[in-house]
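Residue numbering for the sequence shown is 1 to 383, as defined by my numbering.
Heads up, a few of these hints could be off.
To be verified - Derived lysine to aspartate or glutamate pairs resembling EDC-like cross-links, with alpha carbons at most 20 Å apart:
1) Lys369 with Asp325
2) Lys64 with Glu91
3) Lys330 with Asp314
4) Lys205 with Asp154
5) Lys330 with Asp295
6) Lys317 with Glu360
7) Lys129 with Glu91
To be verified - Simulated DEER-style distance windows between Cβ atoms:
8) Val363 with Gly153: 21 to 27 Å
9) Asp60 with Asp154: 31 to 37 Å
10) Asp93 with Glu360: 21 to 27 Å
Don't read these hints as lab results, they were simulated from the structure. Ideal placement from N, C-alpha and C gives every residue a C-beta, glycine not left out.
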Amino acid sequence: MPYVINFIRVILILAAVLSTGSGSFASLIDNPGGDQPDESFVLGDALYPRNIENVKPNTDARSKVAVLDNGYSRESVLFWGLYLPVRFVKEEDFLSQHSSISLFVIPSGGLSYLKDPGAFKLSLDKFVKNGGTLFVFSQRFGRDFALLPVPDGDSISGYGWLEDQSSLAYSSILTLLHPVVSRLDTSRPHINIDGVFTVVPRRCKSVLRNSISGQTVMCIYKEGWGNVIMSTLFTDWAYIHSNITRDEVRLFSRILRWTGFPLLSTAPEGLETKQTASVPLIELPSLGFSIQSDDEIYTAGSTATFTINLWNNDDKKKVINVYYDGNGNKVNLLPRGSAQVKYSVPVYSTRRLWVYFFNEDEVFLQTLKKGYMVVYPPGDGNN
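Let the hints inform the model, and build the full structure from the sequences given.
As structure tokens, this is what we get:
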């Protein structure tokens, strides 16, 4: 049934595109960062591909770094090609080729619309347990991450880019020392994230967290002889769309070095700078907030369901007042506890849901927004 719903959704979006003209196509595609973000901390023109339609990926069929040929795979290959040659691997070829791969990349959206998700999950599990390293970018829905290998008794839960609000400026915080973040020169890096993990494997090292919610956005854990680096970053897509940052380039440079790969002499210069002292770690915020939705693109008149999440990272009980769309909720948060507020509403136009958080004395704490898009089927008089 989910595949049928997704198919109908795609048909409606394409129909709306055709009825409004080709110029509207880019705004109707569901992609990470497509939820009306406000920030832009660009790296600079020097690293951006020019004439993108004519740029050839830096590929080598013998490379030990492979990108799954699904989702935004071309964008991912172009990004990783900044550092070293990579290769495409099709879903159906991964099992037969995984012994020749050391680092396998799931690009942004790469876990959607697989031909045989069950078989692919088994292949990923075998690859990691036999010593491979798996890197995963942001996915469309949190449930997509269920395909990743995890230790027995563990699980992964979270939100993907069609459910979460993207962020870039000061989006992340460093809460744990690890070699992959050792060249970041700030505790609050500018990193393209769209999604969050709310449940991670017990031994997962959360090296980056969302600066507002405190929840994990990049996590590293061992499984068998290998490693999994799962993230909600969409740096691969952001690179091709001129929106990555120096923090991201430094981060991925260190990820490759940590996994044992030398970088090309043509790799971005001036980014592997030596630091005289490590940056200070950031403590989890005492309170964490986020807004998620069940989708990001709706047909007019359909119902959007929003989930307002609250986390208490203190040892004391907290009372939070939550206001949105003329509604108000009083939320009691137990020590080290969490809570959710659900809100469903029919939607008829592209907009943002704004949510305001106050403490029990009505002192302002935080404002968050969640953008979404509404499309009208052709012939209804609104196009």
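Checked hints:
no., hint, result
1, Lys369 with Asp325, "11 Å, holds"
2, Lys64 with Glu91, "16 Å, holds"
3, Lys330 with Asp314, "18 Å, holds"
4, Lys205 with Asp154, "14 Å, holds"
5, Lys330 with Asp295, "26 Å, violated"
6, Lys317 with Glu360, "11 Å, holds"
7, Lys129 with Glu91, "18 Å, holds"
8, Val363 with Gly153: 21 to 27 Å, "41 Å, violated"
9, Asp60 with Asp154: 31 to 37 Å, "35 Å, holds"
10, Asp93 with Glu360: 21 to 27 Å, "58 Å, violated"
Checked against the numbered hints listed earlier, the structure breaks hints 5, 8, 10; every other hint is satisfied.
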